[in-house]
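Asker: Here is what each chain is made of, one letter per residue.
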Amino acid sequence: MTKFLETALIIHILLGLVGVSSVYFIWTGFLKKTMKLSSLIKSGWIALVSFVLSWLSGGYYYVAYYGDNVKPVIKAGDYPWAHSVFTETKEHLFLFLPFLTLMILIALYFYGDKLDKNEKLKKSLTLLSGITFFLGVFITLAGVIISGANR
Amino acid sequence: MPWDIIIRISHVIGTVLGVGGATMSQIFIFKALSDGKVSKTEDQWLKITYTVLRIGLVILVISGFAFLLHSRLEGFEERLYSARTWSKIIMTLIILINAVLLQVRRIPFWLGSSVSLVSWYGSLVLGVWRGLTAGYLGIFSVYIIAIFVVAFILEKIRQRMKISKL
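Here the protein sequences line up with chains A and B, keeping their order. So the first sequence is numbered by this note's numbering: it starts at 1 and just counts up by one. So the second sequence is numbered by this note's numbering: it starts at 1 and just counts up by one.
Honestly, the hints are just simulated from the structure, not real lab data. Just so you know, even glycine gets a beta-carbon here, dropped at the ideal spot from N, CA and C. Take these hints with a grain of salt, some might be off.
Claimed, not checked - Residues on chain A that point at chain B, a partial pick, calculated with CB under 8 Å:
1. L17
2. T28
3. V137
4. S147
Can you build the whole structure from these sequences, using the hints too?
Answerer: Shown next as structure tokens:
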């Protein structure tokens with residue numbers, strides 16, 4: 001693997017983690033009695049930018065390296081399901097993350113100051129950020145399973 | 001300094017801050033509630049401790065994944081499938097979910113405190129015990145027993161300090 005691809009993989013993982021952590025911060029922020037809107041918006045931006053950059057670097061790694069070098073090794077190894085189940089699921093699910101985060105961010109911009117009075121919307125956003133967090137965790141752990149099967 | 005040493009040092013620092021933060025927060029909660037009310041100073045100390053704990057958690061998670069990435073790049077992929085690694089990942093997830101459940105009061109305080117402490121100490125023990133051969137069943141059997149043992153000990157401390165039910 002070239003240094004550039006290694007860097008792409010490192011960026012993909014680290015920014016993915018930053019994104020998931022930021023979404024967790026947003027989720028727990030919604031659960032607090034008094035939430036700080038500016039911190040939630042800041043975290044929303046960090047999550048969105050991290051997910052998009054993680055998308056791009058992961059996508060580059062997938063197209064330039066994974067398909068020809070990792071996928072055949074996994075499929076011929078002891079854990080072919082790591083690709084057929086986890087990579088296949090991950091490569092579709094991870095498309096959702098930036099859009100879900102964008103939805104949270106838009107809601108915060110337009111309705112953020114009304115959330116304390118609008119309990120229904122606050123609950124929906126809490127649920128949405130929780131779902132985004134768990135999707136992010138699943139995708140992260142799927143990455144560990146896929147990487148571990150490359151032998 | 002080689003990367004694996006930097007990652008290991010960061011991982012140890014994250015664990016130390018997290019385990020220390022979880023322990024101190026439990027001590028501060030008991031101390032603060034021993035007179036029936038939480039003063040402003042006690043509240044500030046608790047907030048500081050939670051901040052330290054959160055910083056520890058972030059360092060732990062990032063260095064943990066850096067360690068997994070290092071294993072992948074250096075050709076030690078088998079480490080990514082070990083019961084020790086996955087047990088640590090699961091315990092870290094439990095810490096995160098437990099914090100949310102405590103915040104929304106969907107878990108009794110006695111259980112939440114015990115889950116937090118045992119998960120942090122569990123991660124510490126699994127990190128240190130490099131030659132451990134136990135599988136998931138062994139690790140999580142001990143983990144569940146430890147949760148109830150620690151909950152019992154915390155309850156005895158609470159009674160001794162004459163703190164009303166939390």
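Asker: Now tell me if each hint is right for this structure.
Answerer: For each hint, the structure was consulted:
1. Evaluation of the L17 of chain A hint against chain B yields a held restraint, the C-beta minimum of about 6 Å falling below 8 Å.
2. Annotation: interface hint on T28 of chain A holds; nearest CB of chain B at approximately 6 Å, less than 8 Å.
3. The interface hint given for V137 of chain A is met, as the beta carbon of that residue sits about 7 Å from the closest beta carbon of chain B, less than 8 Å.
4. For S147 of chain A, the shortest C-beta to C-beta distance to chain B is roughly 4 Å, which falls under 8 Å, so the interface hint holds.
In the structure shown, no violation is registered for any of the earlier numbered hints.
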